[in-house]
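As they're listed, the protein sequences go chains W, B and E. The opening position of the first sequence corresponds to residue 1 in the working numbering, with each subsequent residue numbered one higher. The opening position of the second sequence corresponds to residue 365 in the working numbering, with each subsequent residue numbered one higher. The opening position of the third sequence corresponds to residue 785 in the working numbering, with each subsequent residue numbered one higher.
Because the hints were derived from the structure by calculation, they are not lab data. Honestly, I wouldn't trust all of these hints.
To be verified - Covered stretches of chain W (chain B as the covering partner; in silico rule of three or more C-beta atoms under 8 Å from a C-beta of chain B):
id : stretch
1  : 67–75
2  : 117–128
3  : 338–350
What the hints assert, rightly or not - Below are the DSS-like pairs computed for lysine-lysine, each with C-alpha atoms no more than 27 Å apart in a straight line:
id : chain 1 : residue 1 : chain 2 : residue 2
4  : B       : Lys556    : B       : Lys595
5  : W       : Lys274    : B       : Lys522
6  : W       : Lys274    : B       : Lys556
7  : W       : Lys342    : B       : Lys470
8  : B       : Lys525    : B       : Lys505
9  : B       : Lys525    : W       : Lys342
10 : B       : Lys498    : W       : Lys279
11 : B       : Lys470    : W       : Lys274
12 : W       : Lys342    : B       : Lys522
13 : E       : Lys866    : E       : Lys896
14 : B       : Lys556    : W       : Lys342
15 : W       : Lys342    : B       : Lys385
16 : W       : Lys209    : B       : Lys499
17 : B       : Lys499    : W       : Lys279
18 : W       : Lys341    : B       : Lys505
19 : W       : Lys279    : W       : Lys111
20 : B       : Lys470    : W       : Lys62
21 : B       : Lys525    : B       : Lys562
22 : B       : Lys513    : B       : Lys470
23 : W       : Lys62     : W       : Lys342
24 : B       : Lys498    : B       : Lys468
25 : B       : Lys382    : W       : Lys341
Ideal Cβ positions, reconstructed from N, Cα and C, are used throughout, including at glycine.
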Amino acid sequence: MKKTLKLSTALVLGSLAVTTAAQAADSITVVSWGGAYTGSQRGAYSDPFTAKTGITVLDEDKSGNGLAGMRAQAEAGNGTWDVVDILEGGALTACDEGLVEEIDYNNDLDKGADGSMPLDDFVDGSLSGCFVPTIVYATLFAYNNTAFSGDVPKTIADVFDLKKFPGKRALEKIPGANLEWALVADGVPYDEVYDVLDTPEGVDRAFAKLDTIKDSVVWWDAGAQPPQLLADGEVTIASAYNGRIFNAQVVENQPFTIIWDGQMFELDGWVIPKNAPNKKAAMDYLRFSTTTQALADQAKYISYGPARKSSAPLISTHISTGVDMNPHMPTNPENFKTPIKKDAGFWADNGDDLSERFNAWLAQ
Amino acid sequence: MSISVEANKGELAPEEQKRLKADLHRSLRRNKIRASMLVAPLVIFIIVTFVAPIGNMLYRSVDDPLVSDFMPQTTAALEGWDEQQLPDEAIYAALAQDIIEGRKAKTIGKAAKRLNYEKSGMRSLIMGTSRKHKKIQAPYKESLVDIKKGWGDLDNWKVIKRLGASVTASYYINAFDMETSPEGEVSFVDPKEQIYLKLFWRTIWMSMLITGMTVLLGYPVSYLLASLPMKTANVLMILVLLPFWTSLLVRTSSWIAMLQAQGILNDLLVWFGIIADEARIQMIYNAIGTVVAMTHILLPFMILPLYSVMKTVPPSYLRAARSLGATPWTAFWQVYLPQTVPGISAGAILVFILSIGYYITPALVGGQSGQFIGNLIAYHMQGSLNWGLAAALGVMLLVLVLGIYGVYNRVVGTNSVKLG
Amino acid sequence: MANPASSEAYVRFDGVQKSYDGVNLVVKDLNVDIPRGEFLTMLGPSGSGKTTSLMMLAGFETATHGDIFLNGRSINNVAPHKRGIGMVFQNYALFPHMTVAENLAFPLQVRKMSRADVEEKVQRALDMVELGEFGNRRPAQLSGGQQQRVAVARALVFEPDLVLMDEPLGALDKNLREQMQYEIKHIHERLGVTVVYVTHDQSEALTMSNRVAVFEDGRIQQLAPPVELYEKPENAFVAQFIGENNKLTGKVDALADGICEVVLDSGDRVKALDVNTDGAGMATTLSLRPERVFLNPTEGQCQNMFSGKAEEVIYLGDHIRVRMNVCGHNDFIVKVPNSSDKKGLAEGDTIPVGWSIDDCRALDA
């Protein structure tokens, strides 16, 4: 009697396992940012992946709350996400909290097209344990050409100069990038920004500089807003993600110009949640979507730089307009003269405090 | 005896009464069971979707197990520590154990994150140490301080000890714009960092303003609807309800197009020469934008109860007042308006309570001066992931709403609230 | 007692017409003079224009054509609250959020009377309707009859010269209605105000009024004191509408000295008073009150004599109601007083019936 019970239980469980496994092969859920960005991933990664493996890729546009979502799924013990697109900072936190899988980079990822090992091929220091970067993107300033006749803003200091370049500014409603830029505008050398910001005096200094333009700022919190604000003439200069500005310039023919000075670049890429339901397929997708060619292909769709050095020579033209993508890449040497790398570690440590200070400052 | 029999005329003897009560009970039981089965789905639904989440929120606002769960040896060892000077070697050893084990189990990050809410830099202190776990060796005190000099800072240890308790008031302290000093004293934070109380206050007064606006705008509309023939009123009612069927984002975007500096309204004002082109009025991305957009969105919640109450006020009251010598204004003010107060009450409560918890619209059109407390709660839910603080703020909002409702009930009386 | 004979009209409708839609007239050419102190009732079925006429007088509807005069002055362009007319509404329209006393004080306060005056007048009005103790109650706490009295008191408390009442007793049960009829009648007699009263209940109209205006189809069919209205209806509608009536249809055969001879549809010939016929050869309706028909009349008592068959006999206590077949009409009603010399009339009996010329009126077809 007991034996039969055990046997039948095993059978039931076994068949359940088989069904899940069978389902696992059908589809995976990939979480990303939506819009043109998910579109670029679809074109470069997901559609070819489905063509090769027969596994359907389901998109969910939840990366905006990616970390919160993974934490909630971990608490509930019930994962539905297989691959999640996340910023480097979020990936660090998720890794520290054990929400995501550790990656064995040299085994889990393919070698570069030039034969280089993954650990050497990706952006230096970006393979931090759980995170696989796919793109380098920049938050930077752009202006509407119609707003200024004669002199045009060229530096971060110009952005903060309301006298010389009048008009409203659009800034993202987070402390990140804004504080760094404020310090740069106040004369802090690019490579000392985080050292200064790590001191209470530095934070005060950054907020004091922001105070000088506070009354002229329109705050945005969705990536689609700044190009719209620029196009409407609501603001003359806006901070924005470089891909959004590229899209407005090239696809929508807007008269925008990017100020590459002081571009804040950061990495964005994949993590695999600990309780991903289709882990094997997820790992296959991870490998497939981070090859030299896949990353270079993504740049056909959107002007974000590939996170693999070996992809750079393969960057070609925009898929619909045929524009050469190289001059639009934040990683193009012409554009990469005075960048600031967003310090994910600094923000992981100080983000809570600075966000509170920033919110209080906004509410004043 | 005979007297008592007289007095109890019509009543049954005690044993008869007992039997009757039992019979009555039995005959009613069936109905009771049936009735409770009918409401059971709703009760279960409410428990699952309402009571449980609120209970969970209350719990989370004081529950603080991360440090004690994931640094168990350190918190146990710190219990006897006097906080006067740096801990002894045994406690450092416990910390080393916790970090090494927590690193393996991938749990030390959670404790680090929690500690970082309380004191910036704790995260990098712990995670930095954990990354260099290979260097940790006896004597631990020396080794740990060598890896990260923060381990030689008395204040860091005090924070760990304080958060070692699994129940905390720290989220509430934080939510009241206060902080606990390393010495354990609670005081208000620097004025330039105060935010929550300010936002609570702003949320309340702006919600009141929005409620007032919906009354002012909704009352004439409802009156018109109530006094028109049914057929016309139904058509107009569709117009009133139209905003309900439009996506919130679409409505909000339309307001942006209307109110922004280069928007329709400003263009008109400039065109008519009322304002100069350089002096366009900022009507969006600030408190004005929030008030305008939310008044529009919440207007139906005022109009519907007002309309249904006004429908029940017969026109003969106004006629009676007029025939008694009242001017149209007096008739309205003294006779009509008082009878629609229940509708105003119902609408005002609906609008106020809805608006006090709003956050999407303020986020889109509120700029910096039009933010509500809901925006900060959402931020802590999704952005900073400080769910304990979000829960504490949520509980405060809940208590605030209940408190306002209580005062309102005292002043106006809930039995004067009528939805029609 | 007021003096209905006062020659000067206090209220005058002069050629008043009312149309809501520009197509149909609800009130067609209304002309009435109401002397000061009169109790005039507008009686008629619903839709006959009586309430509209009242509302025009109150100022809640405007006349499409014609003038309404109050005390010699045209009030067409006077706002309702400046007319100084008291009004009792169908459902009383007592303000539910005010106490009884506050309701009564309302018309006084809007007239900016001193507080002492207000209190005194309110108390007097409450005493008048015997509700002296009820000043602090809310209308909802009163019975229907009490509410009705409050409504009357409120319409009178500011001492208007004219009071309008729009079916004020419609919501009360029968007993209370009758009692209130007397109360209102007595208040009217005591105060001497002019009252224009609208109802569709004829007994109410007959009980209370000095004169009754019977409305039908937007016109006044007859305007007369109750006695005249019942005894001498001028057309078939009034005869049928007021009281119980036997209607016999036929053609006028001959006319002489105010008396006409009518050939009924059954071929029987009836002599009747020529009140409102179109001449010999034209159709007419005869009106005959059931209590004016005699059973077994003595020879010579009645000019009109026929034989009738009792179809149905109903015992009603004070009288016996007999439905008979007379002259081809089987809905011919006869009311027989329940006198001590009971004649044992049974269903199916055939007996002689008769009536006099004076009780039988030949009216329009």
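Non-conforming hints, listed in increasing numerical order: 2, 4, 5, 6, 9, 10, 12, 15, 16, 17, 18, 21, 25
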